[in-house]
Amino acid sequence: MDWPLSRSVRYFSLGTVEASAGGTVTVVSANQKGSPTTLSPSLPHDVGELWIFGRSGITAAKTFLVDVLINDQGVDQVVLPNLLIEYPGLNTNAYNYNFPLALPKGAALKVRTQGTTAGSAVRISALARTLHNTAPIFRYVDSYGEQTSGTTRGTPVVAPNTVNTLSAWTVVATSTRRAIKALMVAFGEANDTNAPNANFVAQVGVGNSGQEQVIVEQIVFTQLASLVTPQPAVHGPFAVSIPAGSRISMRIGNNVGGNTTISSLDCIIYGMG
Amino acid sequence: VDWAWGYSVPYQRIGTIVSIDGPQVRAGTIVNQKGSWHTLGVTNFLVDQFDISLSDYNDTFANMLLDIGLGPTGNEQVAIANMTYGMPGVALARRWTVPIRIPSGTRVSARAQNDTAGTVSARITMQARGANGQNPTSSQSSVHYGTSTTLSRGTLVDPGGTANVKGAWTEITPGTSTSHSSVTIVVQGNNASPKSIGNALIDVGIGPLGNETVVIPNLPSTIGASADHLPIVFGPFLLSLPPGTRIVARAQSTETGSTRQVYINILGHK
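Protein sequences, first through last, are from chains G and R. Quick note: the first sequence uses the numbering used here, first residue 1, plus one each step. Quick note: the second sequence uses the numbering used here, first residue 1001, plus one each step.
Among these hints, one or two may not hold up.
[As the list claims (entries may be wrong)] Here are the simulated distance ranges between beta carbons:
id	chain 1	residue 1	chain 2	residue 2	range
1	R	1141	G	178	46 to 56 Å
2	R	1213	G	140	28 to 38 Å
3	G	210	R	1160	37 to 47 Å
4	R	1104	G	19	45 to 55 Å
5	G	161	R	1150	40 to 50 Å
6	R	1257	G	119	21 to 31 Å
7	G	171	R	1105	34 to 44 Å
Read the hints as simulated data drawn from the structure, not as lab findings. Don't be surprised by glycine CBs; every beta carbon is placed ideally from N, CA and C.
Start from the sequences and build out the full structure, keeping to the hints where you can.
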């Protein structure tokens, strides 16, 4: 039935394998990006927003950095770099990335990944929204804080031993490459396999050392002993305007204190412009 | 259109900042009946979005509903009704992003009910996003569909006994009470713990019986052994729904056992 959704949009899933509830991307070589896997050979519509869903693929603990690419006119181009996905075991985490990003109809949508362990796998699917004339849209996404050479992880941020206290600032981006109009933040568990039940708060700051200004005051997530990884693991978009050349930092705290093993998280920040 | 921001919008934490833990909102003494209002804070600027995070308070409960109220003490008006929160063994943080326009200087409060005896409580923290006059106009109100106040949870959507095949459509609402410009979709499991781990896909549709059309396909939900479905809150999704729209949902799951059920409720933003 045709509904009178004149102002509405369409949503369509990409890369979803209904027989197993998600596609799979396998790491061939440790800590190296592999060949792209196609989620859609040809986008059926112009896209105005893209969700990337990352789920665990096998039982062993693994960390992944996933690139999302489009192939338009024969050229692969990374449009979403280094999406952090981490899980300590099967079905223990879910990463939902949401980027208001313009992608052209007809382009192929692909993903490639690197992980800490060869042979490990991560399940990736996507949901796309068509363009909408009032919705904001971005043209590029830059990642900050990833470590891709010789390892696969984000920037470690450590909660202090003292409960309910924020840590010192940790630099995630020494100098932003392009202007940012909104940012997203992803957390991982830094390859830990155990952790206590804890509530975390994170703050994002901009500015030189000792002069950091808080621009996102409260990012709240839970870490459960049974799941280890933070939930929710992805936060944003946060509407902040940050000029190119800015220094971005993060600080965190939790309600249990602890040591660097159980209180250390990995973090990557994604700047949209 | 471009993201028309010439400057950052402000963010404000609503509630105490003394502790990492948010203020607790304690449910009432009567099962499945809202308790008293708990003050969270006062807005410092014109707000166009709330990020609301719920987490547990070391209490044991099964299902909880929380209201967000606006206005002075004794005259609170429910702005966001019946946000679901479940705890099958352990409670995952649940974050709601709600587009809503609230004047500066507004008192924000919360109240709760739960489906088990005792005055259990949940933590709640809120981050308000300021409006700058350049963003698309935010919603003025939100309406919740599919939430049972007698059970303190959403509507049961059974994936059925066949693995990896979509179940029948389940009605979330026979008709929206007003028009909506976006929706938030909440998926949670039943209270069983441990669960059989697995994966589910959720479709949201609209239309009359027998003519349902998928409008949001294949939201992936992961079932953790000792936890709820991951993630729990999806959206908001832009979706223009006229008044009277029938909303339905269906699910498929890799699991066919007794813990396969999902509960779904949908928040419509006007």
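Hints versus structure:
Take residue 1141 of chain R and residue 178 of chain G: their Cβ atoms lie about 37 Å apart, and the range 46 to 56 Å is violated. In this structure the hint that residue 1213 of chain R and residue 140 of chain G lie 28 to 38 Å apart at CB holds, the actual value being about 34 Å. Roughly 59 Å separates the CB atoms of residue 210 of chain G and residue 1160 of chain R, a value that falls outside the hinted 37 to 47 Å. Checked against the hint of 45 to 55 Å, the pair residue 1104 of chain R and residue 19 of chain G passes, with Cβ atoms roughly 52 Å apart.
Checking the proposed 40 to 50 Å range against residue 161 of chain G and residue 1150 of chain R shows it holds: the Cβ atoms sit about 46 Å from each other. Roughly 30 Å separates the CB atoms of residue 1257 of chain R and residue 119 of chain G, a value that falls within the hinted 21 to 31 Å. Between residue 171 of chain G and residue 1105 of chain R the beta carbon distance is about 37 Å. The supplied range of 34 to 44 Å therefore holds.
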